[in-house]
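**Q** Going down the list, the sequences are from chains Y and A. So that you can map any letter, position 24 of the first sequence is 185 in our numbering, and since no number is skipped, the others follow by simple counting. So that you can map any letter, position 6 of the second sequence is 14 in our numbering, and since no number is skipped, the others follow by simple counting.
Hints are computed from structural coordinates only; laboratory data are not their basis. Warning: the hint list may mix true and false statements.
[To be verified] Over 12 Å on every C-beta distance to chain Y, these chain A residues come out as not near it, computed from the model:
#1 Arg21
#2 Gly23
#3 Ser35
#4 Gln45
#5 Gln52
#6 Leu53
#7 Asp62
#8 Met63
#9 Lys78
#10 His79
#11 Arg83
#12 Thr89
#13 Ile110
[What the hints assert, rightly or not] Calculated lysine to any residue pairs in the SDA-like style (CA-CA distance at most 20 Å, straight line):
#14 A:Lys44 - Y:Lys178
#15 Y:Lys178 - Y:Ser214
#16 A:Lys44 - Y:Ser166
Glycine included, C-beta positions come from ideal geometry on N, C-alpha and C.
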Amino acid sequence: GAGVSQSPSNKVTEKGKDVELRCDPISGHTALYWYRQSLGQGLEFLIYFQGNSAPDKSGLPSDRFSAERTGGSVSTLTIQRTQQEDSAVYLCASSFGSQETQYFGPGTRLLVL
Amino acid sequence: GEDVEQSLFLSVREGDSSVINCTYTDSSSTYLYWYKQEPGAGLQLLTYIFSNMDMKQDQRLTVLLNKKDKHLSLRIADTQTGDSAIYFCAESPPYNQGGKLIFGQGTELSVKP
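Chain Y with its partners taken away, still in its complex shape:
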């Protein structure tokens, strides 16, 4: 595809359930980022992947959050035992490399009841 795609576009879940969010980066982009956008915190960095290097997980808010990137392309962000404060828009971005311009997907809107 031409841009970054994310699925699902919306997700409603019950507190305590696990969720998986998917990101397909732009073809050829080696860097992939996850951000979270919430009312109280604005836009926050979560995790970053660059090629085969170890990911930068410094932005993950708790050990309930994890992410992987298979084959250097698609990434999945997993939130275990969801809490109401996890409700937010989760945005994925990709770039040709680190320090290059980042292009964002449309986001996944997560609501935890």
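The hints should help you fit chain A onto chain Y, whose structure is shown.
**A** Just chain A now, kept in the frame of chain Y:
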């Protein structure tokens, strides 16, 4: 510390110019970005400026950078109702290996006919 500041709201009349301001903290940031977010959508890259430039013009958009004061502005000429959105400035500090973006809170631009 890392902190990017923007005013939260701006209201203009259609046809007027809009100026959205941003201050950042890391004087060694290599790139500074402006993104636009329409309701329910992801972030759309509008423009960016390299830190060794003081001005960049792209059609109706003009970016001014004052490195001494760490001040960035985005001017939209002949503002249209379709420009109504939230505008985010972001910096990419060079010390940060991953190139994660540090975002401001966003400025909500309202364009009145």
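**Q** What hint numbers does the structure not satisfy?
**A** Structure breaks hints 4, 5, 6, 13, 14 and 15.
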